[in-house]
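Colleague: Okay, here's what each chain looks like letter by letter:
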Amino acid sequence: MTLQQQEAPAATPGRTHDRVYRRIVRRETSASRSGTVVVAMLVLLVLAAAAVFAAALVLLDQRVLGIDPRDVVDRAVRAPRGLDTTITVGIAAIVAFLGLVFLAQGLLPQRRPRHAMSSDRLAVVVDDEVLASAAARAARSVTRLGPDAAVGTVGRRTVDVVLRPAAGVDVPAVAATEAVTEEFAVIDAEPPITARVRVQPTGRVDG
Amino acid sequence: MNATNRGLGRTALVVVGLVLFVAGVATILVQTVPWAASTWHDWGRALSDLGAGAARDASVTGWTWVLGGAVVLGILALVVLTTLGGGRVGTVVEDDGSSDGVAGLVRIDAAAVQHALSSAIGAMPQVGSLAVDVYRVRGNRAIRIRVRPRRGASPREITTGVEGIVADLDALLGDRLPVLLEIARGGSGSGRTDRVH
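Top to bottom, those sequences are chains A and B.
Numbering-wise (my numbering), the first sequence opens with residue 1 and increments by one.
Numbering-wise (my numbering), the second sequence opens with residue 1 and increments by one.
Calculated directly from the structure, the hints in this document are not laboratory data.
Computed from a prediction, not measured in an experiment: that's the story for all the values here.
Any given hint could turn out to be false.
Unchecked claim - Computed from the model, here is a short list of chain B residues facing chain A with C-beta under 8 angstroms: (1) Met1; (2) Ala23; (3) Glu163.
Stated by the list, open to error - The following residues of chain B were derived to be distant from chain A, with all beta-carbon distances above 12 angstroms: (4) Gly90; (5) Thr91; (6) Asp96; (7) Ala103.
Heads up, the beta-carbon is just placed ideally off N, CA and C, and yes, glycines get one too.
For reference, chain A alone in the conformation it holds in the complex:
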C-alpha cells in the first residue's frame, strides 16, 4: 500500500467531513445511555403488559387470585382511606426515585474520560489513561527513573505527573515539566491540557 502515489486525495477536494467528524467526536466523548434506556423501556413494557392483562380480565369477566381489577381501581380512587401509609409512601418514593434517575440520565450531560485530538485527515479520540501514560513516559525520559517511578493523572484540563525517585536521587523537575509540556503541545488535545509535574519529597528505598 505504501507504494501507491498520493495524488488521489488531492484529486478529490472538498471531502473533509467536518460535520460528520464533529458528530462522531461528540458521540464518542459523551457517555452512552443505552443501558438506562433499555431499563426504562422494560419498565414501560411491564406496566403496559399489566394494563393489558387487567383489561383482558375485566373484558372476559374473570378474576385472578380473587382480585378484580375494578376493585383495585375503586380502592385507588378512595385513597388514602384503606391503604397502609408506610407501604404506599415507601413504594411511591421508590417509583419517584426511579423517575428522578431516568430524568437525570436523560437531561444531564455525561462525559467519557476522553479527549479529542487535532488531525488533518482523521477524527481522533484518546482515552485519558493513554494520555496519562504518555505524560508519565515523557517525564521519565529526561530523568533516570525506573518505569514505576512516574505516575500520570489526566483531568479534563490538567495533567498531573508525580515523580517518586528513590531516596537520595536528584530529579531535574524543570526539565521533566518541559518534556511533559512539549509532549502535550504536540498532542494538541481538545479541550487543551496544561501539565504539572511534582516530585514527591518522601523518597522510596529500592534499587
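The hints should help you fit chain B onto chain A, whose structure is shown.
Modeller: The following block gives chain B in isolation, referenced to the frame of chain A:
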C-alpha cells in the same frame, strides 16, 4: 459510532422519568396531605367507569381504552428498543458508475479494508492490538480504527502513522472516507513499555 438514535433515547428517558417521578410524588402527597387527597377524589370521579360500580357497557368501553392505550405504549417501547445499536455494515464502497455513465458495479467489502488497515497499522511498534470496523453514519460509510497502544506510546506518533496509512488507503479507494481513530486504554501488550523509540 453505532446507529443508536440518541435523541430518541434521551427523549424517551425524560418522558418516562417525568411520568414516574410525578406519579410517585403525587401518590405520596395524596397519602399524606388532606388537600391533595380531596383533589384526587375530585379527579377520581372520571375513573368511575373503570370501577366495580359501573354499568357493563360503560365498563367495557373504559377498559377497551385501557387495553388500546397499553398496547400502543408497549409498541412504542419496542420501537425505541429497536433503535439501539446496529449500524455496522459489510461494504465500504458500492458504486454502479452511474455518474460517469459506465456500466458495471464496483463493490469493496469491509473485510478488504479491515485486512489492509490491520496489517499496515499492526506493524507500527507503538500498537499493541487493534480492531477495524465499518459503520453507517448519516447514510455514508465511516471507518472506525480502535487502537490499543503499548504503555507510554505517544498518541501523536500513532496519529501521524495512521494518517499516513489512511492517505495510502485514500489513494487505493480513490475516495476519502471519514475515519475515526480511537486510541483506547488497555488491551494486549499495553502492560509492557514500548521499547522501540
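Colleague: Which of the listed hints are broken here?
Modeller: Violated hints: none; all satisfied.
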